[in-house]
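K.L.:
Residue numbers (UniProt numbering), protein chains in the order written: chain L, 1 to 416; chain B, 1 to 292.
Honestly, I wouldn't trust all of these hints.
[Claimed, not checked] With the C-beta cut set under 7 Å, the calculated list includes, among others, these residues of chain B facing chain L:
#1 6
#2 88
#3 89
#4 92
#5 93
#6 117
#7 122
#8 123
#9 131
#10 134
#11 208
#12 211
#13 212
#14 256
[Stated by the list, open to error] Covered by chain B, according to a simulated footprint, are these stretches of chain L (three or more residues, beta-carbon under 8 Å):
#15 121-131
#16 275-287
#17 382-389
[As the list claims (entries may be wrong)] Coverage of chain L stretches by chain B, computed from C-beta distances (three or more under 8 Å per stretch; other residues unrestricted):
#18 214-220
#19 255-266
None of these hints come from the bench; they were simulated from the model. Idealized CB from N, CA, C, for every residue including glycine.
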Amino acid sequence: MRRWTVVACASALVLASCGTKGGGGDEGGEGAGGVRTGVGVTDSTITLGVMTDQTGPFKNLSTGITHGNELWVEDVNAQGGVCDREIKLEIVDHGYKADTAKTLYPQLEPKVLGMVQLVGSPVTAALNSDLEGDEMTTTPASWSSELLDNPYLMIVGTTYDVEMIDGLSYLQEQGMIADGDTVGHIYIDGEYGFNGLRGARYYAKQHNLKLREVKITSSDNDLTNVVTGLRGQGVKAILLTTTPTQTGSVAAANKALGLNVPILGNNPTFDPLLHNSPAAGALDNLYVVASSVPFSADIPKMQEVARKYEEAGFTEPPNAGVPYGYAVAEVWGTVLRKACDNGDLTRSGVHEALQQTTSAETGDLVAPLDFSKPGAPATRQVYVAQPDKSVPGGMKYVKELFVSEDAKTYQAPHEG
Amino acid sequence: METFVQLVVNGFGKGAVFALLALGFVVIFKATEVVNFAHGSLVLFGGYLVVATRETLGWAGAAVLGVVSAGVLALLVERLLLSRSRLADPFSLALLTIGVDVIITEEIVRRLGVSLPFIGDAWDAQPVQVGGVTLFRTHLVAMVVATVLITAFFIAFRYSNWGVAMRAQAENKEAAALVGIRSSRVTATAWLVAGLLAGVAVLFIATQDFSGAGLSRGTHSIALAAFPAAILGGLDSTAGAIVGGLTVGLVDALSTHYVSFAFAKSAVFLVMLVVLVVRPSGLFGTRESTRV
Numbered sequence: 001m002r003r004w005t006v007v008a009c010a011s012a013l014v015l016a017s018c019g020t021k022g023g024g025g026d027e028g029g030e031g032a033g034g035v036r037t038g039v040g041v042t043d044s045t046i047t048l049g050v051m052t053d054q055t056g057p058f059k060n061l062s063t064g065i066t067h068g069n070e071l072w073v074e075d076v077n078a079q080g081g082v083c084d085r086e087i088k089l090e091i092v093d094h095g096y097k098a099d100t101a102k103t104l105y106p107q108l109e110p111k112v113l114g115m116v117q118l119v120g121s122p123v124t125a126a127l128n129s130d131l132e133g134d135e136m137t138t139t140p141a142s143w144s145s146e147l148l149d150n151p152y153l154m155i156v157g158t159t160y161d162v163e164m165i166d167g168l169s170y171l172q173e174q175g176m177i178a179d180g181d182t183v184g185h186i187y188i189d190g191e192y193g194f195n196g197l198r199g200a201r202y203y204a205k206q207h208n209l210k211l212r213e214v215k216i217t218s219s220d221n222d223l224t225n226v227v228t229g230l231r232g233q234g235v236k237a238i239l240l241t242t243t244p245t246q247t248g249s250v251a252a253a254n255k256a257l258g259l260n261v262p263i264l265g266n267n268p269t270f271d272p273l274l275h276n277s278p279a280a281g282a283l284d285n286l287y288v289v290a291s292s293v294p295f296s297a298d299i300p301k302m303q304e305v306a307r308k309y310e311e312a313g314f315t316e317p318p319n320a321g322v323p324y325g326y327a328v329a330e331v332w333g334t335v336l337r338k339a340c341d342n343g344d345l346t347r348s349g350v351h352e353a354l355q356q357t358t359s360a361e362t363g364d365l366v367a368p369l370d371f372s373k374p375g376a377p378a379t380r381q382v383y384v385a386q387p388d389k390s391v392p393g394g395m396k397y398v399k400e401l402f403v404s405e406d407a408k409t410y411q412a413p414h415e416g
Numbered sequence: 001m002e003t004f005v006q007l008v009v010n011g012f013g014k015g016a017v018f019a020l021l022a023l024g025f026v027v028i029f030k031a032t033e034v035v036n037f038a039h040g041s042l043v044l045f046g047g048y049l050v051v052a053t054r055e056t057l058g059w060a061g062a063a064v065l066g067v068v069s070a071g072v073l074a075l076l077v078e079r080l081l082l083s084r085s086r087l088a089d090p091f092s093l094a095l096l097t098i099g100v101d102v103i104i105t106e107e108i109v110r111r112l113g114v115s116l117p118f119i120g121d122a123w124d125a126q127p128v129q130v131g132g133v134t135l136f137r138t139h140l141v142a143m144v145v146a147t148v149l150i151t152a153f154f155i156a157f158r159y160s161n162w163g164v165a166m167r168a169q170a171e172n173k174e175a176a177a178l179v180g181i182r183s184s185r186v187t188a189t190a191w192l193v194a195g196l197l198a199g200v201a202v203l204f205i206a207t208q209d210f211s212g213a214g215l216s217r218g219t220h221s222i223a224l225a226a227f228p229a230a231i232l233g234g235l236d237s238t239a240g241a242i243v244g245g246l247t248v249g250l251v252d253a254l255s256t257h258y259v260s261f262a263f264a265k266s267a268v269f270l271v272m273l274v275v276l277v278v279r280p281s282g283l284f285g286t287r288e289s290t291r292v
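Build out the structure end to end from the sequences listed, making use of the hints.
P.N.:
This is the structure we're talking about:
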């Protein structure tokens, strides 16, 4: 018995836990139309990389973003492409695992000019030095301001810290919290969570809020005991920098335990599939902050994208990732055209074009963006949205683009 | 005080499901001395059949089918794989169950794709308020079901022919065989019962109330998290499975709030280690004595 117990314990623990490059980008050569070209660019195509999460905790949001990217590629190719070249996407799935991404990156890197999508803060952090070494301009589907020290990362939208500051300011403006209140913040251990927390701490300091911080991991899905504890501490609101599944757990517990306080989430915390979960009846206290519009937004560009989404016949229900993915690709289009005009479609040429981009237009899918200030978020404006099952995308905005006074004065970690 | 009471209620509710899971480990170990590491995949299999047949059969029909199928799969694993290696060391057979576990789990996770279906339709997210305390209906039903099943198991174990045969086999396999007890039948029945228990447990696990997530790889991890419950109760003790299950639920709930969420994960293992240091066979496990 004793022998078995030892072996069984060891096995349980085992089950429970169950290409480098020299850097420097590419030198480039003369291509068609007198444009310098390099990795990922031929006379007829420009290939962009997509490292996404098709099997992990953010798979639904990521799938939406990928479909947004694909819709733009279809549109731009129908109009003759960019620089007389067709755009192609090279898509790989890392499942939100940094080690998988590290293995996939060396296979993807020699094929692509840049990356139009790189999902996940931990993944982006793991690849950060590779991206810089390869001069790989990349749009992380991760909005951490900590990433802004890498000049090759192009964050489309504002960052988690600023989202949190703007969101808290909205709650206070609506009278849901007041100076001196106790507020809980549940956040995922890692760059995503820490960056949201950074914003919450800043706002708490400015407004004398007592912040009760609870660190979790991305796979902790039952948060009933956490919410029970926060109820005991008398919180007036719960802040979330979590996965959508965790949002469902908190919302359900918030209601079941009779707490019923407002819940404020960073942009990745909501997924319209929550409307089909047992937590559906508990989402009325949820507020989500993002600088890209919800799928249901009543603006011409969004309606055009929504129509195209329907025509494309995607089987997945749409979410806020779709307009974001389309907008990101649109920004890439702007940058690539500028690089083409400069006669340089190499990686360094794309990077130079990015730094010259002071206003990228996305038809209001995302707040206006300015990439010319190193270390600073490209925008500080956000929308506030609430779940609404009756609209496509499952979310409608309750406050249109705005920036709070606290967000204006906040200094991001790598801001000069 | 209100928070403490609520945490205790939450802990006992989850503990009932952990007890059901732990009992699955115990039944097989008691009959065969094999630790079944494929228990998590049996849980997933039962849940997957509920998802796959819910629209055609309705939830109740699908739930019954899921429970029965998990039992049948466990029986097949025993008949087709383990029984053919009768003379193999229990250690080797335990490793074999790890292989079975990986194959079944990966296939089901692949089939689930991006969906995370919840399968506790009849009781999920319908809390009951009693004097300021929230009782999650999933926990309540799980407690009742666990009490009924565990009592039935106790009675069967003590009074039925199978129970007596199983106890005899657990005591001394050779002697049991000599008095005519058919070892293969006892073993096969134990696997069938463990599979059925796995099929029942998943109806409570893949819920908002219990795990906060639908059927997924996480469901498998939770099933495996019941392992410390079986170990600290004593791998060959049915009473131990209950005490172990409730202890795991309670330690998890209380340490989450009174220490930290991060600590709660290791707290269960810490309690298990402390128990094993004091009682190496677990709280209620049979002590091994060797005459020298």
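K.L.:
Work down the list of hints and note, for each, if the structure agrees.
P.N.:
Status of each hint after checking the structure:
1. 6: holds (5 Å)
2. 88: Given a least distance of 15 Å, the restraint on residue 88 of chain B is violated.
3. 89: violated (11 Å)
4. 92: This hint is violated: residue 92 of chain B lies away from chain L, its Cβ roughly 12 Å from the closest one there, beyond 7 Å.
5. 93: violated (12 Å)
6. 117: With Cβ-Cβ at 9 Å, over 7 Å, it is violated.
7. 122: Violated, about 11 Å.
8. 123: This interface hint is violated because 10 Å lies over the 7 Å limit.
9. 131: For residue 131 of chain B, the interface hint is violated, since the closest Cβ of chain L sits about 12 Å away, which is over 7 Å.
10. 134: The hint holds - residue 134 of chain B has a Cβ within 7 Å of chain L, the shortest such distance being about 5 Å.
11. 208: With a closest approach of 4 Å, the residue 208 of chain B hint holds.
12. 211: Holds. Min distance 5 Å.
13. 212: holds (3 Å)
14. 256: Status holds, d = 4 Å.
15. 121-131: Per the Cβ count (0), the hint is violated.
16. 275-287: Coverage by chain B holds for the stretch 275-287 of chain L (5 residues, Cβ < 8 Å).
17. 382-389: Violated - the stretch 382-389 of chain L has 0 residues with a Cβ nearer than 8 Å to chain B, which falls short of three.
18. 214-220: holds (count 5)
19. 255-266: holds (count 3)
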